[in-house]
Every structure is written in C-alpha cells, then in structure tokens.
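Respectively, the protein sequence lines represent chains A and B. Counting from 10, one number per residue, gives the positions in the first sequence under our numbering. Counting from 10, one number per residue, gives the positions in the second sequence under our numbering.
Because the hints were derived from the structure by calculation, they are not lab data. Since the structure is predicted, the reported quantities are computational estimates derived from the model, not experimental observations. We put the CB at the ideal spot given by N, CA and C, even for glycine. Treat the hints with care, as some may be off.
Which residues of chain A face chain B? A few of them, derived with a C-beta cut under 8 Å, are [said to hold, decoys possible]: (1) V60; (2) P64; (3) H94; (4) V169; (5) F208; (6) P216; (7) P219; (8) G221; (9) A254; (10) T257.
Derived lysine to aspartate or glutamate pairs resembling EDC-like cross-links, with alpha carbons at most 16 Å apart [stated by the list, open to error]: (11) A/K188 with A/D241; (12) A/K253 with A/E196; (13) B/K39 with A/E149; (14) B/K80 with A/D241; (15) B/K104 with B/E69; (16) A/K39 with B/D48; (17) A/K104 with A/E69; (18) B/K253 with B/E210; (19) B/K189 with B/D48; (20) A/K80 with B/E69; (21) B/K188 with B/E19; (22) B/K189 with B/E114.
Calculated from the model, a selection of chain B residues having no Cβ within reach of chain A, i.e. all distances over 10 Å [what the hints assert, rightly or not]: (23) E32; (24) L34; (25) G44; (26) M57; (27) D95; (28) E114; (29) L147; (30) E149; (31) D178; (32) K185; (33) I195; (34) R227; (35) K247; (36) K253; (37) G260.
There are 2 protein chains.
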Amino acid sequence: MSEQMKAAGEGIVTAALLVIGDEILSGRTKDKNIGHVADHLTAIGIQMKEVRIVPDDEPEIVAALNALRAKYNYVFTTGGIGPTHDDITADAVAKAFGVPIDVDERALAPMKAYFEKRGVELTPARLRMARIPAGAELVENSVSIAPGFMIGNVIVMAGVPQIMHVMLDAATRYLKTGKKMLSAAIELHRPEGEIAGMFEEHQKRYPDVPMGSYPFYRDGKPGTQLVLRSTDAALLAKAEAELKAELTARGWL
Amino acid sequence: MSEQMKAAGEGIVTAALLVIGDEILSGRTKDKNIGHVADHLTAIGIQMKEVRIVPDDEPEIVAALNALRAKYNYVFTTGGIGPTHDDITADAVAKAFGVPIDVDERALAPMKAYFEKRGVELTPARLRMARIPAGAELVENSVSIAPGFMIGNVIVMAGVPQIMHVMLDAATRYLKTGKKMLSAAIELHRPEGEIAGMFEEHQKRYPDVPMGSYPFYRDGKPGTQLVLRSTDAALLAKAEAELKAELTARGWL
Numbered sequence: 010m011s012e013q014m015k016a017a018g019e020g021i022v023t024a025a026l027l028v029i030g031d032e033i034l035s036g037r038t039k040d041k042n043i044g045h046v047a048d049h050l051t052a053i054g055i056q057m058k059e060v061r062i063v064p065d066d067e068p069e070i071v072a073a074l075n076a077l078r079a080k081y082n083y084v085f086t087t088g089g090i091g092p093t094h095d096d097i098t099a100d101a102v103a104k105a106f107g108v109p110i111d112v113d114e115r116a117l118a119p120m121k122a123y124f125e126k127r128g129v130e131l132t133p134a135r136l137r138m139a140r141i142p143a144g145a146e147l148v149e150n151s152v153s154i155a156p157g158f159m160i161g162n163v164i165v166m167a168g169v170p171q172i173m174h175v176m177l178d179a180a181t182r183y184l185k186t187g188k189k190m191l192s193a194a195i196e197l198h199r200p201e202g203e204i205a206g207m208f209e210e211h212q213k214r215y216p217d218v219p220m221g222s223y224p225f226y227r228d229g230k231p232g233t234q235l236v237l238r239s240t241d242a243a244l245l246a247k248a249e250a251e252l253k254a255e256l257t258a259r260g261w262l
Numbered sequence: 010m011s012e013q014m015k016a017a018g019e020g021i022v023t024a025a026l027l028v029i030g031d032e033i034l035s036g037r038t039k040d041k042n043i044g045h046v047a048d049h050l051t052a053i054g055i056q057m058k059e060v061r062i063v064p065d066d067e068p069e070i071v072a073a074l075n076a077l078r079a080k081y082n083y084v085f086t087t088g089g090i091g092p093t094h095d096d097i098t099a100d101a102v103a104k105a106f107g108v109p110i111d112v113d114e115r116a117l118a119p120m121k122a123y124f125e126k127r128g129v130e131l132t133p134a135r136l137r138m139a140r141i142p143a144g145a146e147l148v149e150n151s152v153s154i155a156p157g158f159m160i161g162n163v164i165v166m167a168g169v170p171q172i173m174h175v176m177l178d179a180a181t182r183y184l185k186t187g188k189k190m191l192s193a194a195i196e197l198h199r200p201e202g203e204i205a206g207m208f209e210e211h212q213k214r215y216p217d218v219p220m221g222s223y224p225f226y227r228d229g230k231p232g233t234q235l236v237l238r239s240t241d242a243a244l245l246a247k248a249e250a251e252l253k254a255e256l257t258a259r260g261w262l
C-alpha cells in the first residue's frame with residue numbers, strides 16, 4: 010500500500026518539497042524556503058514528509074519529481090522558473106509528466122499588460138516565463154506577475170522567497186487538506202540524558218503520540234524541549250497533562 | 010556508469026547530505042546545517058550534489074541512506090544521535106550497512122571520564138550515545154564528547170549546529186577531496202529579463218563553465234547576480250573577463 014493510500018484512509022494528507030538550484034547546493038545562496046513551506050503546510054493540515062534539494066540538471070529534477078509525486082499527495086517545487094537559460098524547471102516538469110510545453114495565453118496576456126504599463130520590453134527571455142506545461146493550472150504571482158503552475162499533484166513555485174510566499178498562498182485554495190498535526194511543547198531545565206528514561210516510558214504509554222526531545226543551551230546551562238504531536242486534540246491533551254504531572258512530581262518542571 | 014565512477018575519472022569528489030528529523034519537516038526547528046555543510050564542502054573540494062530531509066523513521070532513513078551512498082562518494086548525515094528514544098540514526102545506519110551495533114569501548118571510555126569529572130551520572134540514556142555500528146571509525150566531538158562516526162562512505166554527525174561544526178571539522182581529515190569548484194560573481198543593476206539573451210549566448214561559448222543568474226531587489230530596484238563556476242581557474246578567468254568586457258561595452262556594468 011502506498012503512503013498516499015495509507016494516508017488517505019486516515020484523513021492524512023502528505024507532501025514533499027523539491028528545492029531546485031545549484032546555488033543552494035554550493036552554499037552561495039542559503040535556503041529560506043524550506044522552513045516557510047514547512048510552517049505553512051503544518052498550519053493548513055498537510056504533513057511534509059520529505060524534502061530534496063537537487064541541482065539545475067534536467068534528469069535529476071525529473072527523477073526526483075517522479076519519485077516524490079508517486080509517493081506523496083502533493084509535491085511543491087521552488088526555483089528555476091525565471092527568464093534565464095539556467096531556469097529549466099518548467100521543461101523538466103513537462104518532461105516528467107510527458108506533456109508538451111509552450112507559451113500559454115493565460116499566462117502571456119497579463120504579463121503583456123503588466124510590462125506594457127511599465128514600459129518594460131517583453132524580451133524572448135521574459136516570454137520564457139509564460140511557457141506552461143499542457144494541462145496545468147496557473148498559480149497567481151501578485152508580486153511580479155509571471156505565474157507558477159499546478160499540474161497533477163505538483164505545484165511549481167518561484168525560488169525568490171517573496172514570490173514563493175504569494176504563490177504558496179495562491180495555491181492553497183486548490184489543495185485538499187487533512188487532519189492538522191497538533192503539537193504541545195514543554196521546556197525543562199534538565200539535560201536530555203537525565204529525562205530520557207522516563208520520557209521513553211511515556212512514549213510507550215502513548216504509541217500514537219510521536220514524542221521528540223530537543224536539547225538546547227541557554228545562559229550556559231543545558232535544557233530540553235519535549236514535543237508531543239498528534240492529530241487527536243483530546244489524546245494530545247491527555248498525554249501532555251500526564252507528562253507534566255510526572256515531571257512536576259519529580260521536581261523537574 | 011555511476012556518478013561516483015564518472016566523478017572519480019575527472020578528479021571530482023561528490024557528496025550528499027541527509028538531514029534527519031521530524032522537527033525540521035514540521036517547521037518547529039529551522040535547519041541551520043545545510044548551508045554550513047554546503048560552504049564547508051565547497052571550500053575543501055567536495056561537490057554537494059543532493060540534500061534530503063527525512064523523518065525519524067527507520068525505513069525512510071535506511072532507504073535514503075542506501076540510495077545516496079550508492080550514488081555519491083560521501084554521504085553526511087545530521088541529527089538523531091542523542092540520548093533519547095527518538096534518536097534512531099545510529100541503529101538505522103547499522104541496519105543500512107547490515108552490521109551489528111553495540112556500546113563501543115572507544116566511545117565509552119572518554120565519555121565515562123568526562124561525565125565522572127563533572128559529577129554527571131552515566132544514565133542508560135547517555136550510554137546509548139556510545140553505541141556505534143561495528144567497523145565504524147569515531148568522529149571526535151570536542152564540544153560534548155559523545156562522538157559521531159564514519160562507516161564506509163557515510164559520516165554521521167549530530168544535529169545541534171555547534172556540535173555538527175566540530176564533527177565536520179574532525180571528519181575532514183579522513184576525506185578524499187577533489188578539484189575545488191571555483192566561482193566568479195558579477196553584480197548588475199539590470200533585471201534578469203534584459204540580460205538573459207546575451208548571458209545565454211555567453212553560456213553557449215563556454216559549455217564547461219556552468220553559469221547561473223540570480224535576481225535580487227535592492228532599494229526597490231531589480232538587479233542580477235551572474236555566477237560562473239569551473240574547476241579550471243584559467244578557463245574561469247577567461248570566461249569572466251570576456252563577460253565583463255561585453256557587459257561594459259553594452260553599458261550594463
């Protein structure tokens with residue numbers, strides 16, 4: 010049974026993010042999109058299960074896209090839809106879906122109007138940004154007009170964070186969402202190594218509430234953030250209250 | 010021919026990074042390691058070709074690790090080697106390699122001494138951090154003693170950035186490095202859509218110098234950073250000088 014089918018049966022909607030760009034892998038540009046997409050999807054009830062970063066290389070993009078779109082309900086991509094020769098995402102997506110790609114009048118008309126009004130020339134390079142795979146729906150770009158698109162379960166967005174943000178908002182209305190993953194966090198001024206035993210016992214009592222432990226240092230002292238997660242609010246509240254009571258009884262909270 | 014074999018023939022060493030952790034995928038923790046590993050590997054002459062982020066789920070970690078270690082010269086992992094039950098990376102790596110895992114005296118002895126000196130109890134949870142897959146070399150942790158390790162072509166590091174940094178430095182001496190990818194960047198106060206045509210022509214003249222274009226906005230005005238990359242310093246300098254001359258002739262620089 011695929012992850013998609015398993016998930017659908019439980020009211021869970023899953024997604025992956027595919028970040029496309031040599032500049033992220035070389036370190037020249039530091040990614041600012043992964044955290045934003047993660048927060049957004051968690052907030053609307055879609056669970057991000059995997060992220061991949063691949064270079065501006067068509068076979069790599071096609072292979073990653075085909076692996077991810079078969080496994081998750083949605084795949085979001087960022088990067089590679091600008092006007093220059095290294096922007097190859099739209100062509101790679103068309104190839105992955107086996108559909109033609111050409112200038113799309115729905116994309117071109119607003120771009121023409123936008124550029125004309127600003128006295129900006131519609132160069133062949135800018136025209137490239139109106140190339141959309143056949144069968145795709147446009148995803149609005151209220152920042153700089155050239156749109157993203159959605160084809161099948163794949164949502165293609167720009168890499169520039171400000172533009173990606175508005176595209177993600179615009180795409181959200183088309184998405185089926187599922188149960189929201191809720192979480193509760195408890196901060197302790199104890200190191201992980203001391204609380205780990207009791208925390209593991211608590212996890213065993215609530216196998217359906219995944220629990221994670223994240224160490225931190227503050228004012229030179231070690232602390233731990235315990236995070237409990239569930240789509241079931243009542244179960245989460247019960248697991249949290251019980252954990253708090255036990256931590257309090259031990260003098261740890 | 011695999012990427013590894015192709016790369017070895019050209020003096021190129023490749024790597025992938027596998028980031029392990031539910032907290033990154035949910036957005037609760039924002040990754041700070043990808044950019045650091047990217048910068049470090051580029052500086053020492055290893056090309057990072059792929060990044061994946063997967064959850065704290067053993068089958069997912071094993072599958073990703075086996076896919077990546079077969080494809081690239083090295084795989085670095087971050088996260089999941091602490092003392093709590095959600096730290097499952099060491100076990101997943103042992104499983105991927107099909108080797109046993111147990112408390113390793115080489116890891117345990119310094120941990121014992123370190124904790125004793127500080128009056129810290131060596132709990133069963135802390136003992137977990139001395140579990141190392143059979144056949145692995147230790148990777149020193151000068152921050153908090155519990156080590157990372159290297160097995161085959163896989164380097165396993167902590168997720169806490171300060172600890173990951175010292176482990177990456179410690180592991181570097183064991184790595185075979187290749188030709189360094191050099192780069193040159195030129196900033197223009199012109200939008201991408203205007204320079205794209207001539208930039209593509211320049212790329213065609215230098216097919217072995219990958220060129221990328223990255224838009225930015227500064228003081229409300231669009232600009233473009235052009236990046237040229239090559240392992241051949243002379244070729245890179247020639248491609249850069251020629252591009253600068255053409256940009257200057259057009260009054261764009």
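Evaluated hints:
For A/V60, the suggested interface contact is upheld, since its CB lies about 4 Å from the closest CB of chain B, less than 8 Å. A distance limit of 8 Å between C-beta atoms decides the matter here; for A/P64 the minimum to chain B is near 6 Å, and the interface restraint holds. Restraint check, A/H94 versus chain B: the minimum CB separation of about 4 Å is within 8 Å; hint holds. For A/V169, the interface hint holds, since its Cβ comes within 8 Å of a Cβ in chain B; the closest pair sits about 6 Å apart.
The interface hint given for A/F208 is met, as the beta carbon of that residue sits about 6 Å from the closest beta carbon of chain B, less than 8 Å. With its C-beta approaching chain B no nearer than about 11 Å, A/P216 sits outside the 8 Å limit, and its interface hint is violated. A hinted interface residue such as A/P219 counts as satisfied when its beta carbon comes closer than 8 Å to some beta carbon of chain B; here the least separation is about 7 Å, so the hint holds. Hint status for A/G221: holds, given a least beta-carbon distance of 5 Å to chain B, under 8 Å.
Here the hint on A/A254 is broken, as its CB sits about 20 Å from the closest CB of chain B, past 8 Å. For A/T257, the interface hint is violated, the least distance from its beta-carbon to any beta-carbon of chain B being 20 Å, above 8 Å. A threshold of 16 Å between alpha carbons decides the hint, and for A/K188 with A/D241 the separation of about 9 Å falls inside it, so the pair holds. For the given pair, A/K253 sits about 10 Å from A/E196 by alpha-carbon distance, which is consistent with the 16 Å threshold.
With a C-alpha separation of about 27 Å, the suggested pair B/K39 and A/E149 falls outside the 16 Å cut-off, and the hint is violated. Proximity of B/K80 to A/D241 is assessed by CA-CA distance (about 40 Å); at most 16 Å being required, the pair is judged violated. Under the criterion of a C-alpha separation no larger than 16 Å, the hint pairing B/K104 with B/E69 is consistent with the structure, at around 12 Å. For the hint linking A/K39 to B/D48, the alpha-carbon distance of about 10 Å falls within 16 Å, and the restraint holds.
With a C-alpha separation of about 12 Å, the suggested pairing of A/K104 with A/E69 holds against the 16 Å cut-off. At most 16 Å may separate the alpha-carbon atoms for a hinted pair to count; B/K253 and B/E210 meet this at roughly 14 Å. Distance hint between B/K189 and B/D48 is fulfilled; the C-alpha atoms sit about 12 Å from each other, no more than 16 Å. For the given pair, A/K80 sits about 12 Å from B/E69 by alpha-carbon distance, which is consistent with the 16 Å threshold.
Taking the CA atoms of B/K188 and B/E19, the gap is about 9 Å. The hint holds against a cut of 16 Å. Using a Cα cut-off of 16 Å, the hinted pair B/K189 and B/E114 is violated, with the two alpha carbons roughly 37 Å apart. With a cut of 10 Å on Cβ distances, B/E32 falls inside the contact zone with chain A, its closest approach being about 6 Å. Distance check on B/L34: its Cβ comes as close as 5 Å (rounded) to a Cβ of chain A, failing to clear the 10 Å threshold; non-interface status is violated.
Listed as outside the interface, B/G44 is inconsistent with that label: its C-beta sits roughly 4 Å from the nearest C-beta of chain A, within the 10 Å cut-off. Its closest Cβ contact with chain A, about 5 Å, brings B/M57 to no more than 10 Å, contrary to its assignment away from the interface. A beta-carbon of chain A comes within 10 Å of the beta-carbon of B/D95; the shortest separation is about 5 Å. Listed as outside the interface, B/E114 is consistent with that label: its C-beta sits roughly 19 Å from the nearest C-beta of chain A, beyond the 10 Å cut-off.
With a cut of 10 Å on Cβ distances, B/L147 stays outside the contact zone with chain A, its closest approach being about 19 Å. Distance check on B/E149: its Cβ is at least 19 Å (rounded) from any Cβ of chain A, clearing the 10 Å threshold; non-interface status holds. No Cβ of chain A approaches the Cβ of B/D178 within 10 Å, the least distance being about 16 Å, so the stated non-interface status holds. With 10 Å as the threshold on Cβ separation, the claim that B/K185 sits away from chain A holds: the shortest Cβ distance comes to roughly 19 Å.
At roughly 13 Å from the closest C-beta of chain A, the C-beta of B/I195 stays outside 10 Å, upholding its exclusion from the interface. For B/R227, the condition that its CB be more than 10 Å from all CB atoms of chain A holds, with the nearest at approximately 13 Å. With 10 Å as the threshold on Cβ separation, the claim that B/K247 sits away from chain A holds: the shortest Cβ distance comes to roughly 19 Å. Listed as outside the interface, B/K253 is consistent with that label: its C-beta sits roughly 18 Å from the nearest C-beta of chain A, beyond the 10 Å cut-off.
With a least CB separation of 16 Å from chain A, B/G260 remains clear of the 10 Å interface cut-off, as annotated.
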